[in-house]
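Enquirer: Residue-level listing of the chains:
There are 4 protein chains.
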Amino acid sequence: MVLVIKQGAEEAQLENLIEWLKSQGIETHLSKGHFQTILGLVGDTRHVDIDLLSGLAIVESVMRISEPFKSANRKFHPDDTVIDICGNKIGGGNFQFIAGPCSVESPEQICSIAREVKAAGATLLRGGAFKPRTSPYAFQGMRGEGLKLLLEAKKETGMPIVTEIMDLSHIDLFEDVDCIQVGARNMQNFELLKELGHSRKPILLKRGLANTMQELLMSAEYIMAGGNDNVILCERGIRTFETYTRNTMDVSAVPLLHEKSHLPVIVDPSHAAGFARLVEPLALAAAAAGADGLMIEVHNDPAHALCDGPQALRPDEFAETVKKVNAVRKALGADD
Amino acid sequence: MVLVIKQGAEEAQLENLIEWLKSQGIETHLSKGHFQTILGLVGDTRHVDIDLLSGLAIVESVMRISEPFKSANRKFHPDDTVIDICGNKIGGGNFQFIAGPCSVESPEQICSIAREVKAAGATLLRGGAFKPRTSPYAFQGMRGEGLKLLLEAKKETGMPIVTEIMDLSHIDLFEDVDCIQVGARNMQNFELLKELGHSRKPILLKRGLANTMQELLMSAEYIMAGGNDNVILCERGIRTFETYTRNTMDVSAVPLLHEKSHLPVIVDPSHAAGFARLVEPLALAAAAAGADGLMIEVHNDPAHALCDGPQALRPDEFAETVKKVNAVRKALGADD
Amino acid sequence: MVLVIKQGAEEAQLENLIEWLKSQGIETHLSKGHFQTILGLVGDTRHVDIDLLSGLAIVESVMRISEPFKSANRKFHPDDTVIDICGNKIGGGNFQFIAGPCSVESPEQICSIAREVKAAGATLLRGGAFKPRTSPYAFQGMRGEGLKLLLEAKKETGMPIVTEIMDLSHIDLFEDVDCIQVGARNMQNFELLKELGHSRKPILLKRGLANTMQELLMSAEYIMAGGNDNVILCERGIRTFETYTRNTMDVSAVPLLHEKSHLPVIVDPSHAAGFARLVEPLALAAAAAGADGLMIEVHNDPAHALCDGPQALRPDEFAETVKKVNAVRKALGADD
Amino acid sequence: MVLVIKQGAEEAQLENLIEWLKSQGIETHLSKGHFQTILGLVGDTRHVDIDLLSGLAIVESVMRISEPFKSANRKFHPDDTVIDICGNKIGGGNFQFIAGPCSVESPEQICSIAREVKAAGATLLRGGAFKPRTSPYAFQGMRGEGLKLLLEAKKETGMPIVTEIMDLSHIDLFEDVDCIQVGARNMQNFELLKELGHSRKPILLKRGLANTMQELLMSAEYIMAGGNDNVILCERGIRTFETYTRNTMDVSAVPLLHEKSHLPVIVDPSHAAGFARLVEPLALAAAAAGADGLMIEVHNDPAHALCDGPQALRPDEFAETVKKVNAVRKALGADD
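Chains as they are written, first to last, in the working numbering: chain F, 4 to 339; chain D, 4 to 339; chain R, 4 to 339; chain Y, 4 to 339.
One or more hints might be untrue.
What the hints assert, rightly or not - Ranges of calculated distance between the beta carbons of each label pair, as one might list FRET restraints: (1) F/E178 x D/A12: 41 to 49 angstroms; (2) Y/L154 x R/I174: 25 to 33 angstroms; (3) R/V45 x Y/E178: 27 to 35 angstroms; (4) R/D319 x F/D319: 41 to 49 angstroms; (5) R/I174 x Y/G90: 54 to 62 angstroms; (6) F/I21 x Y/G230: 41 to 49 angstroms; (7) D/V85 x F/H201: 50 to 58 angstroms; (8) F/H173 x D/D54: 21 to 29 angstroms; (9) R/I174 x F/K78: 48 to 56 angstroms; (10) R/R146 x Y/S57: 24 to 32 angstroms; (11) D/G336 x R/G11: 22 to 30 angstroms; (12) R/R280 x Y/R203: 41 to 49 angstroms; (13) R/D319 x D/R280: 46 to 54 angstroms; (14) F/H173 x D/C89: 31 to 39 angstroms.
Honestly, the hints are just simulated from the structure, not real lab data. The beta carbon of each residue, even a glycine, is placed where N, CA and C say it ideally should be.
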């Protein structure tokens, strides 16, 4: 970390600052030029509050040189992390399709979709039991009951399940869930993240709607700081001024998160797009950019499509998308 | 709600849709023109999922005519809601200053600041016990211990306290807190909002960093749907491209939230600005635009200022700001 | 266009509005329900000012049903427009690589890069003569002299040239340019767009940094309204909160602009990314999503790389990217 | 400017960089620590391209210490600039109301509004002759004819006029205009800014819809670099995710631009709000935050209000707003 000291700062204040930093275990390195005085901070500066320093009367500006995250940082862990969900590996060249309905609605629905997406190439089953909804009057999901139906579908098809947790008080209900999802709106629910740090289950962490990649990595760091290294990062679209799409899929997050971190990076084109006909091109783009997996919403029965999200594909559309994604990955040298 | 039906939609599909809406208790009103077919939805459309309808194959677009929130809506409650926190009224022409430190740090610190802000004109004491921090390595607050210190400061000064909750599992610790704050990052923590709906305490609900006013009102609706009408809305700055400020205070939120809702609207200029010298002009702007109160960070001892947030005022600066805010309010016809 | 009339609007005002719309050549279709009155507008509503109507005292809200652009609209022109630049076709399945340096610097530089990108697979040469720079103290380009050097490079290599115009007063200098680029910051320079509408040259129109796709199409409409249908749309990244990239490439713009318009859509991954190592993954993503071409910055001599933009590829890197893009396009069924 | 050099950078590359900077007239100051090597740049770094340096292989990051603008910088010009428009001073404690219609429509309209706003307290007349419109099918203003009508209104009322230029080729038409406005969409039309730098007329420069304050100051710098120091900065709302307002007025721009620059800062609440009933609270907020003036749209005849912008006040509403703004300014110690 580098502090630029204001011109005309009092010597005594500067000494106080250096003294205080020392008391925090931070060594300093002072460099006085004709036009500017610079204070380099050496040591573990992760605990240093950049906002606090920026606000000091004698500080002109502060520049963080090293990233504020450590466990998630590729610098300290050059090899790709590979996460294994019941034998299905994600990361380090391993790619998985996670598919299923927006919400779990009935035993027939979830089992039927599970069979269809498995046949089409998906290896992990997704489905919402707890649903974060903007309106208190909207359907809030089948909750505990929905989790049971997901486990039944797992039993029938052998597919491990991925489903969203909304509050740490529900954690016991997720005992048999194979991968716990943290939704975009909970990306900075720090108490929840801490709790998941005590788990050893794979956590699928979605980027918040208006969060930067660094904030996403800091949230991963919360989980990893608790001892759980099994974090999968997920780009699902960010809020922009565009009105033709619900959110804007930030495809550059795939190569950049790979560069900054060793954690696997998957993409959810369904929520990014907001409607079905955009899912395939966005899925292809994500795969071409190097994603480690895709999470796609699929609905089961066209006759009941009314109750499925507008962003869901039909099973035959999903199967077609899987084929094209695989063709793109093969063209770019992927093994499988 | 109005649905525009696509040209060339099949009659059978349209009839299906009308039938399904009927089964949801929604009457429809069909109007076929030369160029467009419009379906008006009559009844309580709050439960209707606008995304779902938008995604239907035969629907061109959907326009919500009535606001999706009801309890918070001024249409159904024309008079200003006045919220009473231990005798201090907010809303309906009543204005309060809420002041105190960013974090509770020690009995001396919180009591000393409490006395000073009270002398300067504050009527409610704020102070963070649970601190939402982007980094897991940053100070997370004194937590339960901090709440106890706040209650001591209340005992000594008689000032009611406002402090932030971070998870619903902590709710029992907040039994003696006078007003519970929901932070910007938890504005869409729907499980927490539901829990607070079962309380009868005043809830100070902060707008999320990238949330619209309608989303803020929908979150207020979550609390009110549970039976708790004591919600104070708080503008605290939104994320924009600007880099000179930490956040951009949206002063237009004051008149607009007043127009859309009967709930009181206060402003937190300290977090919006991110540094102390902007707090006064932003506080004056908020008061001039009609805010029902201000929440301002104040630090106690210049000698220890290093540990206070860069956005905090000194007590004498705060006293000066209070005077100017009162002058502006008086110039605009306020009673007190 | 549909107008929702406020409850309790005076009959006389509504009649005035209907009368006024009639005088503008707009037929209306009134539908009064129990809860809402809706006025449908029939006819050519492109000339109707939506902001004006929204502001009327008796109007609750306005919904545009048809898109405000006509010449650029796929509805009225279902087939892909194919634009021919000296025999190089873009659109309708035809794909081109446009490559070259950020700025034209010398005859040697531009000719040498031209030869190298041609050998690697580029068919059109780009290069900046007029440079829009945020700072008045930064290099503003070789201007007229730069255009001459581009024409020399064209003569030597046979590659048609694409270069940016910054003001309509320079139009005469662009007489021999094959394709005129309008930069992101000029996307809403309406006087310039009108002037280009009188030309018949292909116009490469870049999306503004904070503009929606509809605004981009409205700017295309400005050019087309003047009689010039040769518009190529270009996604080059939009401004978001992300700090790891200079801009965020909106890959969903490719399928969406194709859906809304018949015009070709290309992508500039160099400016979207802001640095070289992101160019290839973004180029692959754009191609996978269906782009009709790519515009890529290439610098010539690694020894002089200091003076090239940080987002430029070396010629050998560019050649490698071309190969991979072609492999992805072939995997997805492209002919060439 | 401070460059952080990557760990493991080759000595030769670092020496090359230092050599090259020297050739640009920049002295360097190298500081090697255990963990990081820092290169301080001393001298006039305004000409140094920060993007170029950031992209160098051996550079980890770059921090600009001094602002990239000089003529507009308060550091080099501590006193407020006061701009005099035909005897009406703006800045340094002097405050003016600029008012008038959105568009000039007829001699009667512009003269009648001019008389009314003058009576209400306005000292400068605004009115659009050239209108930047998103749609080519919308009214583009009376253009040259509109300028003539403005000059007639000036003759009749004695009010100096402020009106927008859209292209540098129109500059001769503006010879008798007292203050030339550059609209938000032209804030980075650099060729136009350069041309206005050769003028000596006051320039009212509006902030772009998605531009930072630093970018606004860099655009002011373009004008000032040409020798024209008469620049008035204008906040008119920025684009955010909010949908209840057309734009979000950034009231913090007032104190911040005052801190960074000596130029006067005015606010246009009409365009920021997008509808009339928000204009007064936003005007009051801007005045309370220390603005040097307000630019407000006023329409003339309620009977013809249909043709006025939805954000325009009636003359009596404007008069009321003027009174309240003056009361707020007086309460805060203003002289007039």
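Enquirer: Let me make sure I understand: some of the numbered hints might not hold for this structure. Which ones are they, in numerical order?
Expert: The structure conflicts with hints 3, 5 and 7, although it agrees with all the remaining ones.
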